[in-house]
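Student: Given these sequences and hints, build the entire structure.
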Amino acid sequence: MTVLDIVFWLLAVISIGAALAVVFLQNIFRAALFLVLCFFAVAGLFITLQADFLAVAQVLIYVGAISILIILAIMLTREMWRGNPGGRFQLPAFIIALGLFGVMVWAVINTSWQISAELPLVPTTAAIGSRLFGEGGLLLPLEIAAVLLLAAILGAIVLVREK
Amino acid sequence: MTLIGQFRDWLINFMPEWAAYIVAFLVGVVAIIAFVLVMIIVFIYLERRLIGRFQVRLGPNRCGPEGIFQLIADSIKLLTKEDIVPAKGDFWVHFLAPIVTFAPALMVFAVVPFHKGVVLTDLDVGILYVVAISSISVVGIYMAGWGSNNKYSLIAALRAVAQAISYELPVVMAAVGVILIAGSLSLSKIVEAQTIPFFLLQPLGFFIFLLGSMAEINRSPFDLLEAESEIVTGYNMEYSGMKFGLLYLSEYGHTLAASCIITTLFLGGWQGPLLPPFLWFLIKVLLVFFVFLWVRSTVPRLRVDQLMAFAWKCLLPMALINLLLIGAQVLWFPKALPWGMMVVNFAVAGILILLWSRLFALGGGRVEV
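From first to last, the protein sequence lines are chains A and B. Heads up: the first sequence is residues 14 to 176, going by the working numbering. Heads up: the second sequence is residues 25 to 393, going by the working numbering.
Be aware that a few hints might be false.
[As the list claims (entries may be wrong)] Here are the simulated DMTMM-like cross-link-like pairs (lysine to aspartate or glutamate), alpha carbons at most 25 Å apart as the crow flies:
(1) K213/B to D148/B
(2) K213/B to D33/B
(3) K175/B to E106/B
(4) K112/B to E92/A
(5) K175/B to D329/B
(6) K175/B to E92/A
(7) K337/B to E156/A
(8) K213/B to D146/B
(9) K175/B to D107/B
(10) K337/B to E175/A
(11) K140/B to D33/B
(12) K101/B to E71/B
Everything labelled a hint here was simulated from the structure, so no lab data went into it.
Tutor: Structure follows, in structure tokens:
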């Protein structure tokens with residue numbers, strides 16, 4: 014067992030444990046904090062795969078922005094001090110989640126993963142940049158996504174603006 | 025090869041490889057923590073004395089020669105105080121909040137180059153790492169506000185988050201201008217690219233980054249969430265003892281981190297003539313901190329709507345224009361980079377700042393939201 018294996022198992026246990034805590038905790042604020050921990054562990058997994066840009070982007074976007082938004086949304090929830098009570102849909106939701114989990118496990122096991130013996134590119138940022146913005150890259154989808162986000166922001170402003 | 029790497033290679037002669045890795049890394053980490061803590065002590069001392077000078081009073085000068093032991097006395101006071109946790113607060117969130125707030129301030133220094141090759145890890149995504157890590161401390165502030173189970177703490181924390189998120193955008197966009205000229209995200213490479221310090225090449229970006237950083241670390245005139253002259257202080261209200269001390273330290277830790285990042289991105293880092301590089305780095309960091317103090321003691325505090333308007337209507341458009349300008353210059357006139365760029369950018373910065381100050385002067389200085 015190499016150091017990398019130990020780190021992988023440590024991060025895997027942390028991320029799955031945190032994810033379970035998000036689902037099972039009654040206290041929503043603590044659940045959101047465990048979500049932050051989960052995102053962090055996933056960023057750690059990216060680092061073990063030498064995907065440094067991806068890891069930093071994970072922390073920047075998910076920990077720095079998404080989780081903050083989630084916490085803000087929690088603050089705006091009515092009667093949040095009641096926590097996270099179980100509803101009528103507990104059993105159906107559990108069955109659907111179990112089915113989804115089964116599909117994902119089946120997909121992971123039955124995919125023939127391509128493994129390359131090549132060393133990862135260093136630095137990764139230049140390669141990602143030229144793939145996204147270079148010749149024959151993904152420039153159009155990227156720009157469409159940007160326009161979509163802008164439209165969403167403008168829509169949100171229009172919705173909440175006082176008359 | 026970094027200094028840590030050389031140290032590790034030397035250690036391998038005496039011990040197995042894994043032990044050499046761990047020992048070299050631990051030495052580096054301890055050195056950085058020592059640097060940060062010593063600099064925080066210097067900062068707090070300087071702040072109290074210099075603000076005293078600015079306000080035509082003495083400042084703490086009784087404890088030891090020129091009051092240098094005042095901070096040690098204060099720390100002992102903090103350490104021996106009772107640690108109070110609100111009865112209906114969330115104990116674990118309350119307990120972890122100061123740690124989550126302080127740790128990012130320390131982690132930023134892992135990529136700051138103090139000298140050529142003197143850096144803990146020279147990450148290829150250095151500046152992005154700094155931005156990402158420093159955004160975590162917002163979560164800590166949130167936890168402090170929530171765990172205290174106090175509505176004033178919570179409101180202060182919400183304000184802090186709104187402020188930090190608003191000012192993150194112009195700061196990052198100003199940093200992108202630096203990355204465009206330097207051609208790398210690594211902080212060491214950015215420093216080496218600065219034969220002319222970048223604040224001369226893109227003054228507008230420098231001002232935006234400086235102001236945005238001041239807002240992000242909640243220094244005056246942007247210190248709405250602390251507002252020490254009001255009745256309550258803010259998210260740290262329910263804290264006492266060393267937990268409060270840690271929150272206090274983390275404010276200065278973030279200030280130090282911001283000073284170091286501004287020095288690295290815009291003032292040429294450790295580069296400079298005659299004096300040894302590390303000394304240059306320290307001088308520049310202290311200079312940036314002095315500017316922070318100067319602004320703090322000169323400018324009155326902004327109102328909350330002015331604060332938001334300043335971020336969204338003033339800094340963000342200017343950061344976008346700056347980014348467009350730098351991008352066009354790097355793309356189309358790479359030959360004219362040093363001198364032509366300097367003249368053009370200073371002119372543009374002057375015009376834009378004048379223009380925006382005129383816009384804000386409308387309505388007798390009041391800002392509508």
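Student: Against each hint, give a clear statement of whether it holds in the structure.
Tutor: For each hint, the structure was consulted:
1. For the suggested pair K213/B and D148/B, the alpha carbons sit about 9 Å apart, so the restraint of at most 25 Å is met.
2. At roughly 23 Å between alpha-carbon atoms, K213/B and D33/B fall within 25 Å of each other, so this suggested pair holds.
3. About 23 Å separates the Cα atoms of K175/B and E106/B, which keeps this hinted pair within 25 Å; it holds.
4. This hinted pair checks out: K112/B and E92/A have alpha carbons roughly 17 Å apart, not beyond 25 Å.
5. A C-alpha spacing of about 21 Å is found between K175/B and D329/B, which places the hinted pair at or below 25 Å, so the restraint holds.
6. Simply put, K175/B and E92/A have alpha-carbon atoms about 15 Å apart, close enough for the 25 Å limit, and the pair holds.
7. As the CA atoms of K337/B and E156/A are separated by approximately 24 Å, the hinted pair is consistent with the 25 Å bound.
8. Between the alpha carbons of K213/B and D146/B the distance comes to roughly 9 Å, so the proposed pair stays at or under 25 Å and holds.
9. With a CA separation close to 20 Å, the supplied pair K175/B and D107/B stays within the 25 Å bound.
10. With a C-alpha separation of about 19 Å, the suggested pairing of K337/B with E175/A holds against the 25 Å cut-off.
11. At roughly 18 Å between alpha-carbon atoms, K140/B and D33/B fall within 25 Å of each other, so this suggested pair holds.
12. Distance hint between K101/B and E71/B is fulfilled; the C-alpha atoms sit about 19 Å from each other, no more than 25 Å.
When held up to the earlier numbered hints, the structure conflicts with none and fits them all.
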